[in-house]
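Participant: Residue numbers for the sequence shown follow the working numbering, so the first one is 12 and each next one is one higher.
It is worth saying that the hints were derived from the structure and are not from the lab. Misleading hints may appear alongside valid ones.
Said to hold, decoys possible - What follows is a list of derived Cβ distance ranges for each label pair:
#1 Thr40 / Ala196: 35 to 43 Å
#2 Ala34 / Tyr173: 18 to 26 Å
#3 Val64 / Gly151: 14 to 22 Å
#4 Glu17 / Trp170: 25 to 33 Å
#5 Ser167 / Glu21: 38 to 46 Å
#6 Ala39 / Ser195: 30 to 38 Å
#7 Glu168 / Ala34: 35 to 43 Å
#8 Glu38 / Gly83: 25 to 33 Å
#9 Ala13 / Trp170: 47 to 55 Å
#10 Glu201 / Gly106: 39 to 47 Å
#11 Trp15 / Asp134: 25 to 33 Å
#12 Glu172 / Gly198: 38 to 46 Å
Here the structure is a predicted model, which means the values were calculated and not measured. Idealized CB from N, CA, C, for every residue including glycine.
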Amino acid sequence: AAPWTELECESLILTVRTVDAAAAASEATAVMEHWERAMQLGRDLASEGRPYVRKERIVSDVQISVGWMHSGYPIMGHLEHSALVVSVDELCGQGTGELGGWGPYHELGHNFQGRDWMLPGTDESSCNLFSLIIAERECGMQPGRGHPARSPESVSERWEEYSAAKYPDFSVWFGLDFFMELQSALGGWEALAGVLATYASESTRTCDPCTLENVGAGWSPASERARFDLLMAR
């Protein structure tokens, strides 16, 4: 048998070890249905406002470009990810309270991110919004949960330590806390998607370069759409 197998749905292609694909053969349909729903959640949240012309790819391999896993085309991870991405139970962390697929969803989040709505210093924070919406909507976790750093105790400690004077030097996790506070204040994922949609429109693509001031200027029309003063939130 060939050493690699590809599994495909409408929006995504997985390249995994054949041995892992064979072990998961009985749930292959369920796995790819999971990925298709996860992809749709990401697209809906990103509100790109344009048709997708390619399927995303996730490839497990012996040697990748950098790090433990990275975004791009394709998203790449080491061989240990091969069995993970073909198991819904592992991806959703059944029985653990933690999202086993946080890494792959995080990297997909990078591919979904819009540079015009990312506050400087939050590129590694805002991509985790996509992990959190998948954790909640697809894996049935409590809102905002899925990672130890998102426990109520951890979030509370970060808010106690936060100083606005430190922006944009706050942590990756506090950056995510900021976006989740915004999501909550707006009234949920759909409202946040509406804000991001404002940045997806050509009329607001003025972020060049993406300084705090330039990104902040785009929050005014977003505030009108959300009926919430995002400049004050910032």
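Participant: Each hint: holds or not?
Facilitator: How the hints compare with the structure:
| no. | hint | result |
| --- | --- | --- |
| 1 | Thr40 / Ala196: 35 to 43 Å | holds, 39 Å |
| 2 | Ala34 / Tyr173: 18 to 26 Å | violated, 45 Å |
| 3 | Val64 / Gly151: 14 to 22 Å | violated, 32 Å |
| 4 | Glu17 / Trp170: 25 to 33 Å | violated, 44 Å |
| 5 | Ser167 / Glu21: 38 to 46 Å | holds, 41 Å |
| 6 | Ala39 / Ser195: 30 to 38 Å | holds, 37 Å |
| 7 | Glu168 / Ala34: 35 to 43 Å | holds, 40 Å |
| 8 | Glu38 / Gly83: 25 to 33 Å | holds, 28 Å |
| 9 | Ala13 / Trp170: 47 to 55 Å | holds, 51 Å |
| 10 | Glu201 / Gly106: 39 to 47 Å | violated, 30 Å |
| 11 | Trp15 / Asp134: 25 to 33 Å | holds, 31 Å |
| 12 | Glu172 / Gly198: 38 to 46 Å | violated, 27 Å |
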